[in-house]
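2 protein chains.
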Amino acid sequence: MPDKNGTAAILAIGEELLLGSISDTNSAHIAASLTSAGWKVAGILTIGDDLTEITAAILELSAKHEILIITGGLGPTLDDLTRQGLAGAAGVELAENPEMLQNIKAYFRALQYPMKANNRLQALLPEGGRGLHNSIGTAPGIAIEINGCQCFALPGVPSEMRVMLAGQVMPIIGNRPGGAISVRELHLWGKGESDIGATLAALMERGRNPSVGTCAASGIITVRIVASAETKAQAEALLQADEIEIRNRLAENIFGADGITLAGAVVKLLTERNATLALAESCTGGLIGKLLTDVPGSSAVLTEGFITYTNGAKIARLGVPAEVLAGYGAVSEAVCRKMAEGVREVSGSTFGIGVTGIAGPGGGTLDKPVGRVYIAIAGPEQIVHRECNFLHDRDGNRIRAAITALGMLWRMLLS
Amino acid sequence: MPDKNGTAAILAIGEELLLGSISDTNSAHIAASLTSAGWKVAGILTIGDDLTEITAAILELSAKHEILIITGGLGPTLDDLTRQGLAGAAGVELAENPEMLQNIKAYFRALQYPMKANNRLQALLPEGGRGLHNSIGTAPGIAIEINGCQCFALPGVPSEMRVMLAGQVMPIIGNRPGGAISVRELHLWGKGESDIGATLAALMERGRNPSVGTCAASGIITVRIVASAETKAQAEALLQADEIEIRNRLAENIFGADGITLAGAVVKLLTERNATLALAESCTGGLIGKLLTDVPGSSAVLTEGFITYTNGAKIARLGVPAEVLAGYGAVSEAVCRKMAEGVREVSGSTFGIGVTGIAGPGGGTLDKPVGRVYIAIAGPEQIVHRECNFLHDRDGNRIRAAITALGMLWRMLLS
Chain P
1 MPDKNGTAAI LAIGEELLLG SISDTNSAHI AASLTSAGWK VAGILTIGDD
51 LTEITAAILE LSAKHEILII TGGLGPTLDD LTRQGLAGAA GVELAENPEM
101 LQNIKAYFRA LQYPMKANNR LQALLPEGGR GLHNSIGTAP GIAIEINGCQ
151 CFALPGVPSE MRVMLAGQVM PIIGNRPGGA ISVRELHLWG KGESDIGATL
201 AALMERGRNP SVGTCAASGI ITVRIVASAE TKAQAEALLQ ADEIEIRNRL
251 AENIFGADGI TLAGAVVKLL TERNATLALA ESCTGGLIGK LLTDVPGSSA
301 VLTEGFITYT NGAKIARLGV PAEVLAGYGA VSEAVCRKMA EGVREVSGST
351 FGIGVTGIAG PGGGTLDKPV GRVYIAIAGP EQIVHRECNF LHDRDGNRIR
401 AAITALGMLW RMLLS
Chain C
1001 MPDKNGTAAI LAIGEELLLG SISDTNSAHI AASLTSAGWK VAGILTIGDD
1051 LTEITAAILE LSAKHEILII TGGLGPTLDD LTRQGLAGAA GVELAENPEM
1101 LQNIKAYFRA LQYPMKANNR LQALLPEGGR GLHNSIGTAP GIAIEINGCQ
1151 CFALPGVPSE MRVMLAGQVM PIIGNRPGGA ISVRELHLWG KGESDIGATL
1201 AALMERGRNP SVGTCAASGI ITVRIVASAE TKAQAEALLQ ADEIEIRNRL
1251 AENIFGADGI TLAGAVVKLL TERNATLALA ESCTGGLIGK LLTDVPGSSA
1301 VLTEGFITYT NGAKIARLGV PAEVLAGYGA VSEAVCRKMA EGVREVSGST
1351 FGIGVTGIAG PGGGTLDKPV GRVYIAIAGP EQIVHRECNF LHDRDGNRIR
1401 AAITALGMLW RMLLS
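Taken in sequence, the protein lines are chains P and C. The first sequence begins at 1 in this note's numbering and counts up one residue at a time. The second sequence begins at 1001 in this note's numbering and counts up one residue at a time.
Hints are not guaranteed to be accurate.
In silico BS3-like links for lysine-lysine, alpha-carbon gap of 25 Å or less [unchecked claim]:
1) P/Lys268 <-> P/Lys191
2) C/Lys1268 <-> C/Lys1191
3) P/Lys105 <-> C/Lys1268
4) C/Lys1064 <-> P/Lys64
5) P/Lys116 <-> P/Lys105
6) C/Lys1191 <-> P/Lys105
7) P/Lys191 <-> C/Lys1116
8) C/Lys1105 <-> C/Lys1116
9) C/Lys1116 <-> P/Lys116
The set of hints was computed from the structure by calculation and includes no laboratory data.
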């Protein structure tokens, strides 16, 4: 590990992470927050619910870094040992904090649910530590200095962790003094990672500042620019030069920056154009609706959606002619076009999306294998259609179908 | 960290993980594979593309563990340094391996794409190491013994890593000799983590074998039983004794085991009862449909779904009376009941789910704050209803609303 100066570490605690029961999504979220405040995350360590290991890890990481963020192990049960680990590493005792106890009692009162005796354990704080209020759960967080390192323990439940990190921890930590990092992520649809890599080869060379990297997920490519400098203004200037260059080269494919989703870009364009959208989903089964309604404000542009699995529903809700279903089969270009046109008409919306396909694992034929998906977008002036052959599992095929549908609509909205 | 005996570690390498651009899903997958072969994963460490740190981490982890699985840093670019780190830790030089070079050339030939000069770097192996063939990418893996620890380096691309882990690495590692681990996870709905913790307190005591722990996510509580013994049969026997005990105490709340989702449990019960389901979603916007259609075979029981954001859609699709909407507001118990009854009737399904609420961040009032969600399940014999007050962000409120709706249906199906 490098100098302590300006570095941070993340410690994720939980046996379930070591058993592989769940992926750790908290650490990436914390790393992104620290990075954008100019801190360099030097490492992420995941360990189990073992007090000796927890204490040793806190001692070691606090000795090496200025900031340590810990998640997990703050629950009310006997396998939750982060409180004890912090006390052990700090060489102090645990004591019940009256304010935290009041908060926990208030939480149960608001829920109109009796508080259990073991929830009282969650009001224990290491002496010299400070409680961090958890407005949406029972586990308070803890802030304490150990080895000259600012240590923060947060609950492992992602929604609670996120609220407390943004609302309480990041304001205490603040921006890293005397060193700045600026990060920009540009999100692209409609071009492959190797194509993008070739287009940006010179910018992606090792040792360059800013560094430029790519990563791919479900058909979306993200180009990441990381600029380091002494001041935020210098870092921003470096970053912007690269951003302009990349935007020039890949303008046609960039739909957003810094976490904007493709659904978010679509909702924004629909809103700007005073347009509305309706959905007719078969194999995606509500996933496109879910992605769109993840976006706050989407209710203003999404009129309605139909999950039409059965032929009967396709006929009754969307007006797909029975003879088209009989002649071409439910998974076909003809039916998909009728679904998009039908949902646009029946809902009185500006745009309609129709998706039908075979997500897998069953249902494939020689003619129409698993992964075959038909997607149509009906607009005021045209209807576009695409036949896709995805090669993934059920989850992968469904998310790619949804992303492709949103990408096609995004493109139509821009044209 | 505990004794070296039987323990394994995972090392994830990549700057993008420390910047928080992506979550590390590889490590959970590897941890699950090692656990089911009887190995105890003692820790997961994530570090950046820095040769000194990579070498130090390999030295430290190989000294402490019998198995070390490394992901990332095997690409063709200058920031890929895992090969050098392994050579440094082993105290040997890198040399080009003719067989690996042939494999890489063959890969590009098959793609009909010219091989770039820098892909040749990927044929470098530490002396004494063995190449692991990558059939779906350019980066070969590496197997090498360091400090008496079996070390394996695999590409960071998840699909390549998974194929190589299952096909090549796990067969070499095999089951842990003289030690077996059995894991069972029981998934519960309708009871809080602290309640469950109180019920299982004696089983959850530290140092007990099997160990019993809990974790919570979006209203689902998972109870995890981990039994260690000399043989698999002994471990299974220990595990089963605890499982029976826990099932006895919490029978009413356990909907499945070992990764079964609540939607999966609902689809199974509907299928067994020859029953069908239709959805009327407002604030969840397709999320319940998405969760149900994640389950292969759900098309046999899910007739259709309606995403009815607007009042017009609630009236036209579900037959919610305009005067009920006007009198109570779209977010109300009365409208929610009409949605559930309406969708059941209009679709001719056995069960109907209606959900309406305020997911946030906007839209809340003093009377109906963000997080207020009404959920109704209409069945052949009864209609049940619940008013919920979730305290999370938009994502959190939506997933909790969807899980609660599925839980209520699950309960009705069992009664």
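List of violated hint numbers, smallest to largest: Violated hints: 3, 9; rest satisfied.
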